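Undergrad: Generate the whole structure from the sequences, applying the supplied hints.
Once you know that position 18 of the sequence shown is 17 in numbering that gives the first Met the number 0, the rest is easy, because the numbers rise by one and skip nothing.
In short, the hints are calculated from the structure, not lab data.
It is possible that some hints are incorrect.
Each pair of labels, with its calculated beta carbon distance range [said to hold, decoys possible]:
(1) A46 to R184: 15 to 21 Å
(2) G154 to T219: 46 to 52 Å
(3) P162 to H224: 40 to 46 Å
(4) P213 to T172: 30 to 36 Å
(5) N20 to L100: 18 to 24 Å
(6) N40 to R237: 42 to 48 Å
(7) L72 to A46: 36 to 42 Å
(8) L148 to T230: 16 to 22 Å
(9) M112 to A232: 27 to 33 Å
(10) M64 to P167: 18 to 24 Å
(11) G154 to K180: 18 to 24 Å
(12) L227 to F11: 28 to 34 Å
(13) E236 to N163: 45 to 51 Å
(14) G179 to F11: 40 to 46 Å
List time: in silico DSSO-like cross-link candidates among lysine-lysine, alpha-carbon distance up to 30 Å [said to hold, decoys possible]:
(15) K158 to K27
(16) K158 to K24
(17) K165 to K104
(18) K41 to K27
(19) K113 to K158
(20) K104 to K41
(21) K225 to K79
(22) K41 to K113
(23) K158 to K104
(24) K24 to K113
(25) K27 to K113
(26) K231 to K180
(27) K165 to K41
(28) K41 to K180
(29) K158 to K41
Here the structure is a predicted model, which means the values were calculated and not measured.
For each residue, glycine too, the CB sits at the ideal point set by N, CA and C.
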Amino acid sequence: MGDRFAWRLMRFCRWGMDMVNGLSKDQKTDKKSPTTAVVANKPLTEAQWLVRFIFLESIAGVPGMIAGMLRHLHSIRRLKRDNGWIETLLEESYNERMHLLTFMKMCEPGWFMKFLILGAQGVYFTPRICHRFVGYLEEEAVHTYTRCLHELEAGYLPKWTDPNFKVPDIAVTYWNMPEGKRTMRDLILYIRADEATHRGVNHTLGNLNQTEDPNPFVSTYRDGHKLLPMTKAEGWEREEVL
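TA: Given below as structure tokens:
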């Protein structure tokens, strides 16, 4: 029930983002494959992509910080350790904020966008549903950046394929982007990889006991292996990691 609610909420947010983004019918992808279809009859412009990126990252940066704060207070009240959840959640929030700051160097949002962001930050849910919602949100982000890459490589975004185009310095520093690998395509690949990681992390955390289970992504396993959330989009079930 909670998973279905989180999914439907994510689809509603996608509909709202399409409307705010001014997408025409020809710019929308196949409704039957909302998180896999990347081809539309008409591509988005660079300006539309930036608005979409900024709105998406402004939402994605909130849950991790709120969840980390709540777990911090909960840990103090119970006088018990948090089992490693707080660090992962705060790191995720910081990572999303860096995505947002990078795109803000390329586009300054107007008052209407700021109003929408303020409204979107005012709604939170139970931890399990929130993790599932964020997992679906990150799936949407992976789809968004994949479609952008498709249109970029197809030559529909000439401003970003111009040899003189430079990614913001904040991005070069944060991802330590090497010389010769500082194109818009490289930037989108870095960000998409981050989103794929957050997707796997949140779907996994949503499957765990929110008060007792340790964070499997900072745990040490007997055989020495380490979970790579990017490799499992749907996340791990509780019995697989504990």
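Undergrad: All the hints need checking, so say for each whether the structure fits it.
TA: Checked hints:
| no. | hint | verdict |
| --- | --- | --- |
| 1 | A46 to R184: 15 to 21 Å | holds (18 Å) |
| 2 | G154 to T219: 46 to 52 Å | holds (47 Å) |
| 3 | P162 to H224: 40 to 46 Å | holds (43 Å) |
| 4 | P213 to T172: 30 to 36 Å | holds (33 Å) |
| 5 | N20 to L100: 18 to 24 Å | holds (20 Å) |
| 6 | N40 to R237: 42 to 48 Å | holds (43 Å) |
| 7 | L72 to A46: 36 to 42 Å | holds (41 Å) |
| 8 | L148 to T230: 16 to 22 Å | holds (19 Å) |
| 9 | M112 to A232: 27 to 33 Å | holds (29 Å) |
| 10 | M64 to P167: 18 to 24 Å | holds (23 Å) |
| 11 | G154 to K180: 18 to 24 Å | holds (20 Å) |
| 12 | L227 to F11: 28 to 34 Å | holds (31 Å) |
| 13 | E236 to N163: 45 to 51 Å | holds (49 Å) |
| 14 | G179 to F11: 40 to 46 Å | holds (42 Å) |
| 15 | K158 to K27 | holds (22 Å) |
| 16 | K158 to K24 | holds (24 Å) |
| 17 | K165 to K104 | holds (11 Å) |
| 18 | K41 to K27 | holds (8 Å) |
| 19 | K113 to K158 | holds (25 Å) |
| 20 | K104 to K41 | holds (26 Å) |
| 21 | K225 to K79 | holds (25 Å) |
| 22 | K41 to K113 | holds (27 Å) |
| 23 | K158 to K104 | holds (15 Å) |
| 24 | K24 to K113 | holds (25 Å) |
| 25 | K27 to K113 | holds (24 Å) |
| 26 | K231 to K180 | holds (27 Å) |
| 27 | K165 to K41 | holds (26 Å) |
| 28 | K41 to K180 | holds (28 Å) |
| 29 | K158 to K41 | holds (17 Å) |
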